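S.K.: Construct all of the structure, not just a fragment, from the sequences and the given hints.
The opening position of the sequence shown corresponds to residue 18 in our numbering, with each subsequent residue numbered one higher.
Because the hints were derived from the structure by calculation, they are not lab data. Take these hints with a grain of salt, some might be off.
To be verified - Quick list of the computed label-pair ranges, beta carbon to beta carbon:
(1) Ala70 - Leu31: 39 to 49 Å
(2) Pro45 - Lys96: 19 to 29 Å
(3) Ala37 - Glu322: 30 to 40 Å
(4) Ala70 - Asn306: 49 to 59 Å
(5) Leu89 - Pro249: 27 to 37 Å
(6) Thr334 - Leu226: 27 to 37 Å
Unchecked claim - Derived DSSO-like pairs (lysine-lysine); straight-line CA-CA distance at most 30 Å:
(7) Lys71 - Lys222
(8) Lys25 - Lys222
(9) Lys147 - Lys25
(10) Lys71 - Lys24
(11) Lys96 - Lys24
(12) Lys71 - Lys147
Quantities reported herein were computed from a predicted structural model and do not represent experimental measurements. All C-beta atoms in this analysis are idealised placements derived from N, C-alpha and C, irrespective of residue type, glycine included.
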Amino acid sequence: MPDGSSKKDIKALLPEELTAELAAMGLPGYRAGQIFRWLGRGACSFDEMSDLAKPLREQLARAYAIPCLTMLRRQVSAKDGTEKYLWRLPDGESVETVLMRYRHGNTVCISSQVGCRMGCAFCASTIGGKVRDLTASEMLDEVIRTGLAAGTGIDGVVLMGIGEPLDNFDNVLRFLRLVNRPEGANIGMRHISLSTCGLVEAIDKLADLHLQLTLSVSLHAPDDETRSQLMPVNRVYGVDALYAACERYFKATGRRISFEYAMVRDVNDTPRHADILIRRLRGTGAHVNLIRLNYVSERGLLPSEEQTVRAFVRRLTDGGVTVTVRRRLGSDIDAACGQLRRGEMRKP
18 MPDGSSKKDI
28 KALLPEELTA
38 ELAAMGLPGY
48 RAGQIFRWLG
58 RGACSFDEMS
68 DLAKPLREQL
78 ARAYAIPCLT
88 MLRRQVSAKD
98 GTEKYLWRLP
108 DGESVETVLM
118 RYRHGNTVCI
128 SSQVGCRMGC
138 AFCASTIGGK
148 VRDLTASEML
158 DEVIRTGLAA
168 GTGIDGVVLM
178 GIGEPLDNFD
188 NVLRFLRLVN
198 RPEGANIGMR
208 HISLSTCGLV
218 EAIDKLADLH
228 LQLTLSVSLH
238 APDDETRSQL
248 MPVNRVYGVD
258 ALYAACERYF
268 KATGRRISFE
278 YAMVRDVNDT
288 PRHADILIRR
298 LRGTGAHVNL
308 IRLNYVSERG
318 LLPSEEQTVR
328 AFVRRLTDGG
338 VTVTVRRRLG
348 SDIDAACGQL
358 RRGEMRKP
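M.R.: Quick look at the structure:
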């Protein structure tokens, strides 16, 4: 446990694991279903589990911990209803979660690490580096707490908040299995997107699992020279290796890959960059999602001008590449990843 507790984290157990542990305690299997459902509803103590006898609740409390997040800040956009939350973790660290409301349902964008070690030049999340990985139960609690705080159901999840999900592979995989369970959040894999900056071995490892989630690759530049300038990970895994891994992933899963591309003024938004993207992606079935860069004062990089974005879109479209421009949600709040946590870190 990140807070130093010696008790086992019960919220991180899959139902079959919980059933086995309770059986070892001499308890019937149906108790696991009761407890799992209580945890999925947001119970933070065994005392809340009213259909369990008090001696059983006390027995469970001696063996298990139920880590829960505490809300530090909540921002609500007056423009589109986007909600951003800053959560305090059991050890005092904090992470961000964003609730995005769409016509087709509510999607929550969760963090997978406290901080990030990837060092992308445009990102606030990586300032200060990585502190630690989030546990599976902490990621699950981001989903649960956000739904409870907003008073709404959660229909989809994107792992695009603070951290690199594939740098926390085992915990993320356990989270995916937990959030997918019908007895729990019951969010189907096709309603889950995972974003990576391009850890090639981990992409191959994920492909071997044949999950039906959507893989989003934070590309942000189509060539080694520009991408290495923006993303240090490219100095380890160049674009050729990354594109090859994406092709293997598509062949293994049949799932189309989305390439995220933050438009940075005079850095990656030129016709030359568009033409390289066309050569790389035309005919692959890939989708390019252009993002208007969120300005981060510590970084100094500027978003591309509107006419540049429009010209970039036209060039890609004319070149046979499917492209969209991500709708900006929460523009009147600190919706850019890492900014709310950064403000908390600055407090004396």
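S.K.: Now tell me, hint by hint, if it's right for this structure.
M.R.: So, going through the hints one by one against the coordinates:
For the pair Ala70 and Leu31, the supplied restraint of 39 to 49 Å is violated, since their beta-carbon distance comes to about 24 Å. In this structure, Pro45 and Lys96 break the distance hint of 19 to 29 Å, their C-beta atoms being roughly 51 Å apart. For the pair Ala37 and Glu322, the beta carbons lie near 59 Å from each other, so the given range of 30 to 40 Å is not met. A beta carbon spacing of about 52 Å between Ala70 and Asn306 agrees with the range 49 to 59 Å that was offered as a hint.
For the hinted restraint 27 to 37 Å between Leu89 and Pro249, the CB-CB distance of approximately 30 Å keeps it satisfied. At roughly 34 Å, the beta-carbon separation of Thr334 and Leu226 lies within the given 27 to 37 Å, and the hint holds. A hinted pair counts as satisfied when its Cα atoms are at most 30 Å apart, and Lys71 with Lys222 does not qualify at roughly 44 Å. As the CA atoms of Lys25 and Lys222 are separated by approximately 28 Å, the hinted pair is consistent with the 30 Å bound.
As the CA atoms of Lys147 and Lys25 are separated by approximately 24 Å, the hinted pair is consistent with the 30 Å bound. The hinted pair formed by Lys71 and Lys24 meets the criterion: a straight-line CA distance of about 19 Å does not exceed 30 Å. Between Lys96 and Lys24 the CA atoms are separated by roughly 44 Å; this puts the pair beyond 30 Å, and the hint is violated. Between Lys71 and Lys147, the direct Cα distance comes to roughly 41 Å. Violation of the 30 Å bound is thereby established for this hinted pair.
Checked against the numbered hints listed earlier, the structure breaks hints 1, 2, 3, 7, 11, 12; every other hint is satisfied.
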